[in-house]
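As they're listed, the protein sequences go chains A and B. Under my numbering, the letters of the first sequence match residues 1 to 220, in that order. Under my numbering, the letters of the second sequence match residues 1 to 220, in that order.
It cannot be assumed that every hint is accurate.
Partial list, computed: chain A residues near chain B (C-beta under 8 Å) [claimed, not checked]:
hint, residue
1, K150
2, R192
3, M196
4, N214
If you're looking for bench data, these hints aren't it; they were derived computationally from the structure. Every residue gets a Cβ at the ideal spot worked out from N, C-alpha and C, and that includes glycine.
2 protein chains.
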Amino acid sequence: MVAMNIGVLGTGVVGRTLATRLVELGHVVALGTRDVANESAQAWLGLVGTARGARVATFADAAAHGALVINATSGGASIGALTAAGERNLAGKVLVDVANPLDFSHGMPPSLSIVNTDSLGEQIQRTFPTARVVKTLNLVNADVMAHPAKLPEETTMFVAGDDVEAKATAADLLRAFGWRSILDLGGIQAARGLEMYLPLWLQMMAAQNTVTFNIRVVRA
Amino acid sequence: MVAMNIGVLGTGVVGRTLATRLVELGHVVALGTRDVANESAQAWLGLVGTARGARVATFADAAAHGALVINATSGGASIGALTAAGERNLAGKVLVDVANPLDFSHGMPPSLSIVNTDSLGEQIQRTFPTARVVKTLNLVNADVMAHPAKLPEETTMFVAGDDVEAKATAADLLRAFGWRSILDLGGIQAARGLEMYLPLWLQMMAAQNTVTFNIRVVRA
């Protein structure tokens with residue numbers, strides 16, 4: 001994959017892990033945050049260094065920088081972060097959405113704040129109609145997202161989105177991470193199923209006492 | 001597994017497929033229906049024959065017959081069917097719930113009529129507190145439920161329920177069907193995740209154009 005300018009929105013473990021992996025792969029990464037003084041973001045920059053053009057930026061600056069933008073903010077904060085990023089900075093761009101609309105306000109286990117007849121992926125596509133949203137990676141832990149080969153067998157990653165070229169670009173990125181088995185589920189409406197899988201993921205995590213797992217689709 | 005009396009509630013493809021498999025495995029099966037003249041049920045009986053004690057019965061008769069009862073009715077009809085079966089006929093019994101609360105009333109794709117902060121499995125356990133409910137098998141097509149070895153690789157089946165012995169009995173049944181990898185997700189609340197997986201299953205079915213598939217959990 002040719003080196004790209006990529007904006008990663010969100011400085012949590014998902015954003016930092018993906019941003020680090022992208023720098024390793026040769027991309028020029030701006031890690032987007034509400035506040036560039038954010039300690040996690042600055043610690044990340046200290047770790048990866050600035051030699052390959054990596055930097056910490058505002059949401060708007062990171063989105064403007066990216067030819068491809070990744071939404072790695074928490075689900076409840078995603079619309080706000082993307083609004084801060086600005087629709088004009090997202091227009092025409094591949095917007096990879098890896099967030100989950102988890103709602104911890106009623107305690108554990110979390111429920112989903114958007115569910116069943118809608119999804120965060122669809123909501124993002126509706127709110128930013130000129131962005132080319134691709135839902136993917138939200139089904140696994142950050143480390144598995146970036147390093148799928150850490151699992152002892154090949155597992156499956158899914159993509160969903162209305163723009164076929166955008167899905168092809170996202171799939172290129174997934175292959176660069178090490179994903180080999182990528183299943184296209186169709187339009188962005190399929191984000192519903194990808195997000196509604198989260199409760200099962202959380203139960204598997206608890207039952208197996210690990211976050212380092214994924215599923216492999218096996219068909220006859 | 002020792003031969004048991006088993007009541008299978010529901011004469012759709014899931015109920016008939018499971019009932020046939022159970023007869024093959026030597027169990028004495030009563031297939032429960034609202035109306036014993038039901039054509040599907042009588043056709044099933046014609047197929048399996050009465051030599052091993054198989055019969056068509058009312059919901060109440062089938063539940064009374066079973067040392068173990070399987071709810072294979074459609075999700076929207078399950079509470080009604082189990083009410084017709086009668087709480088006293090379910091008391092103390094392992095009640096294997098394989099149903100999904102799919103709601104097709106708003107067109108395709110279906111949504112779930114119970115979701116996110118509740119599940120059909122939990123609703124059944126609350127409504128019939130003396131039954132020992134185990135949620136399982138709802139994640140796969142009827143043929144895969146009964147014949148998991150048809151898939152080219154071992155895949156994972158999940159169980160959830162509040163009664164540990166009931167889950168062990170259900171797991172024995174699963175192993176008799178050919179399931180080898182069985183993951184216990186804990187109490188019946190985990191039915192939420194098992195049911196909320198259905199939208200992803202439906203999307204995978206459409207994307208792969210087959211119902212003969214399942215997932216294998218791969219962990220580091």
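Now the hints, each set against the structure:
no. : hint : result
1   : K150 : 6 Å, holds
2   : R192 : 5 Å, holds
3   : M196 : 4 Å, holds
4   : N214 : 6 Å, holds
No hint from the list above goes unmet by this structure.
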